[in-house]
Amino acid sequence: MLNGIPINFYIMLSAVIFIIGVIGVMARRNAIIIFMCIELMLNAVNLLLVAFSTLHNDPSGQVFVFFIMAVAAAEVAVGLAILSMVYRNFKSIDIDLLSRLKN
Amino acid sequence: MIKLVALIPLFPLLGFIINGFFGKKISKNVSGWIASLAVLASFIVSLLIFIDLEEHKEMTSHIVPLFSWINSDTLKIPFEFLVDPLSSWFLLIITGIGFLIHIYSIGYMHDDEGFSRFFTYLNLFVFFMLLLVLGNNYLIMFVGWEGVGLCSYLLIGFWFKNTAYNNAAKKAFIMNRVGDLGFLLGIILIFVTFGSISFDKVFTIASSGSEATVTAIALLLFIGAMGKSAQLPLYTWLPDAMAGPTPVSALIHAATMVTAGIYMIVRSNVFYSMSEDASHIVAVVGVATALFAATIGLFQNDIKKVLAYSTVSQLGLMFLGLGVGAYSSSVFHVTTHAFFKALLFLGAGSVIHAMGGEQDMRKMGGLKKALPITFVTMLIGTIAISGIPPFSGFFSKDEILAHTYEHSPTLWFFGQLASMLTAFYMFRLLYLTFYRKFRGTHEQEHHLHESPKTMTIPLIVLAILSVVGGVLGLPEFWGATNWMHHHLDSIIVQKNPSILNHTKEWTLMAIAVLSAGATIFFAYMVYMKNQILPEANDAKLTGIKKLIYNKYYVDELYDFIIRKPLDGISVVFYKFMDLQVVDGIVNGVGSAVTGISFVVRKAQTGHIGLYIFGMVVGIITILFFTFIK
Amino acid sequence: MLGYTITQWLFGILSFLAIMFALMVVFTRNPVNSVLYLVLTFFCIAGHYLLLNAQFLAIVHIVVYAGAIMVLFLFIIMLMNLDADTEPQKHIGTRFIAGIVGGVLLFVMVGALRGAEQIQLVQTGSSQIGLVKNLGKVLFSEFLFPFEIASILLLAALVGAIMIGKRDTNINSKETTNS
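Protein chains in written order, with my numbering: chain V, 26 to 128; chain X, 7 to 635; chain H, 169 to 347.
None of these hints come from the bench; they were simulated from the model. Do not rely on the hints blindly, as some may be mistaken.
Over 12 Å on every C-beta distance to chain H, these chain X residues come out as not near it, computed from the model [what the hints assert, rightly or not]:
| # | residue |
| --- | --- |
| 1 | LEU53 |
| 2 | PHE528 |
| 3 | SER603 |
Simulated pairs of lysine-lysine, DSS-like, Cα-Cα distance not exceeding 27 Å [claimed, not checked]:
| # | chain 1 | residue 1 | chain 2 | residue 2 |
| --- | --- | --- | --- | --- |
| 4 | V | LYS116 | H | LYS334 |
| 5 | H | LYS258 | V | LYS116 |
| 6 | X | LYS311 | X | LYS374 |
| 7 | X | LYS608 | H | LYS258 |
| 8 | X | LYS31 | X | LYS167 |
| 9 | X | LYS9 | X | LYS82 |
| 10 | X | LYS176 | X | LYS311 |
| 11 | X | LYS374 | X | LYS459 |
| 12 | X | LYS311 | X | LYS30 |
One-sided and incomplete, this derived list gives chain V residues near chain X with beta-carbon spacing under 7 Å [as the list claims (entries may be wrong)]:
| # | residue |
| --- | --- |
| 13 | MET51 |
| 14 | ILE120 |
| 15 | ASP121 |
| 16 | LEU122 |
Computed from a prediction, not measured in an experiment: that's the story for all the values here. Backbone N, C-alpha and C fix where the C-beta goes; we use that ideal spot for every residue, glycine too.
With the hints as extra help, turn the sequences into a complete structure.
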């Protein structure tokens, strides 16, 4: 129990937010929205990490979240730079149009 | 002095290395002389060691340890050389005759482009041959044994641009493999039985082995000797081995390598004297080979083939001697045979050299005037091999035959018959080659010349040795001492005292001389008086002549009973196993992958959305199977 | 209040809002609205952090995510001038399948995580670990090396983003000459 809330609730909440992110990644075509859904998934995981950190009274979990934030920031910086580059060349960020991998 | 024995094989090895790596950079003469001097140096050391051994009779056998070679649990094989009367005597033969043949080759191979390669192989051969003779255990002997086999292969196929020569080389190599397997099994059996393969250890405890085991060992070793020394049924490679340059035939296929089998059996005489049956088999195989090869020799027209069959026949006689326990007589015959057969081969080489490569005796004749030195030396060699006293061949052959008579008069009869046939075909060779009119082309006649000094001097030296070689083993009943017999006394276990009285010995000797004389006269009548020439057209031969001319169809027989079935099986395996099963599997895997990828390729749409779907479905599957049971 | 503590009420409300906003992120047509809903989701999550006594993380979360990253998103979207009209739409069937697959994944995950309530707590002592002081001690002692590596990662990302985003004049001039 965390302040009267069972850990199960946090697990469920994280799972639901994570699944929403997954659905977003699958259902949207806009690369930026997909990116945002990935951030959503990352945050679901972060939330769970913090919950368990508090549950076990162990700061390592929170430090881990801290590192994930740093990595996410780096990822977003590079990812958005790539997307802007893609947009410049294709005039679109629709991933269904970006099927160059095939050839 | 004996400590220096390691130098003996070292010199030819050095020569091999120099000629092998730098042969192309140095001039022909230099490379030839380097090789010859290397063997000469070995000869000098061998001679010094031999004298040393003679002077210090109190200890006849010296083991010179060099280094520890194989050390594995119970298998401990040191690399040791054995210097005793037998090995020191073989050292002298190998290096002495080897040196003469090296000198001869300088003249003979002078125009050949593979000159330095030839001397490289020749030196390597001498090295391995010395290793074979010097080793103090069967494994070193086996290394030398295989090494000389390799050199034999390389030198038979020396003119590798000719397919027939290459095939002859392969034939020699494969035939020898059959024998080598026997030898190897023999060595393994010796190790299993006695726990060692060093000569000194094995021979001292040999009597502890059961008779059946010893017979098996003796027979396995004899199979090895059969291959290397060209005995029935593994002899067919030796006549074909004449494809190599003539000095090779003289050195390897007459004087040294083919006598390795005899050396091995004399070395292992302990086993043979323990096993009556094995000795008997050796004697029978020997006499059968002697007679068989001698009859084939009667109708051969190729000068080198005649000599080759003669070699097989003489080796058969030596094995006959071994089989009846006359080991020293066989070594004596090895020695004299090395002298006169090397001489005959080198003489034949000189003739071939003069004839510009022609080897068919039907196209020779009347070479007496053009090649006086070759003629005289060849004549000496022919008389020596025919067994006319006081030439060397007479004494050694007579000694073997006398011992055979003690053992079994039947064997003696066949041995004597083979020896008569030898006299016939050797004089046939002489008459057809040097007498009567020249039968070659006009151009060849114009070209006839005596060979250069480098070739004739070895001939003369060998001729002298062929004449006087008999003093090494004068018959004891003449009142002389048989030096060879005493020399090898220490290494031969079972003494074989002569049981014949002097009258019988004299009678046998007289029979031998008279029969040789009679056959020579017969040969004279046929080839000189009646001027008969061998049939020029091979196809016209009939009956027994045709059979013999075609070497009793032994090659064809082997072809039929060994090669054809193997070919048949190979075809079946090729058609079914290889093409259907193996290729089927290999190609099937390939085409399956192609087919599957052709289908799977369509899944690679390049649409990231689809990939994400795939990924999520994968995650679901993994989670499902991992956590939900 | 209905038998629930104030914390439980807060948890319920925040969770409901977080899920609602997250769904809006996915289902809103206009990208700009999506970004704004995502920011709201992050605020909800920061609230959860506070409930979990992770005060420092809650602040950092708002500053980094809502303050920096989301602004970056917004900035890019506005730069590209995206709105509901230019927004590409997946086929309805595809979206339906996506929903089904997501549901199945949720089902499997819940199944996999079932039983977590039985986890025994080691000890629930002081809930002071979320404070800057305590977190800093751990970060700069135990996790010093990863921390420094993270700084290098950020530097690399910085340089990489600039390199990628830079307009390569050479290539462009070549392309124009070629065409």
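Against the structure, the hints come out as follows:
no.: 1; hint: LEU53; in the structure: holds, 80 Å
no.: 2; hint: PHE528; in the structure: holds, 101 Å
no.: 3; hint: SER603; in the structure: holds, 26 Å
no.: 4; hint: LYS116/V x LYS334/H; in the structure: holds, 17 Å
no.: 5; hint: LYS258/H x LYS116/V; in the structure: holds, 18 Å
no.: 6; hint: LYS311/X x LYS374/X; in the structure: holds, 21 Å
no.: 7; hint: LYS608/X x LYS258/H; in the structure: holds, 21 Å
no.: 8; hint: LYS31/X x LYS167/X; in the structure: holds, 23 Å
no.: 9; hint: LYS9/X x LYS82/X; in the structure: holds, 22 Å
no.: 10; hint: LYS176/X x LYS311/X; in the structure: holds, 18 Å
no.: 11; hint: LYS374/X x LYS459/X; in the structure: holds, 18 Å
no.: 12; hint: LYS311/X x LYS30/X; in the structure: violated, 33 Å
no.: 13; hint: MET51; in the structure: holds, 6 Å
no.: 14; hint: ILE120; in the structure: holds, 5 Å
no.: 15; hint: ASP121; in the structure: holds, 6 Å
no.: 16; hint: LEU122; in the structure: violated, 9 Å
In the structure shown, a violation is registered for the earlier hints numbered 12, 16, in ascending order.
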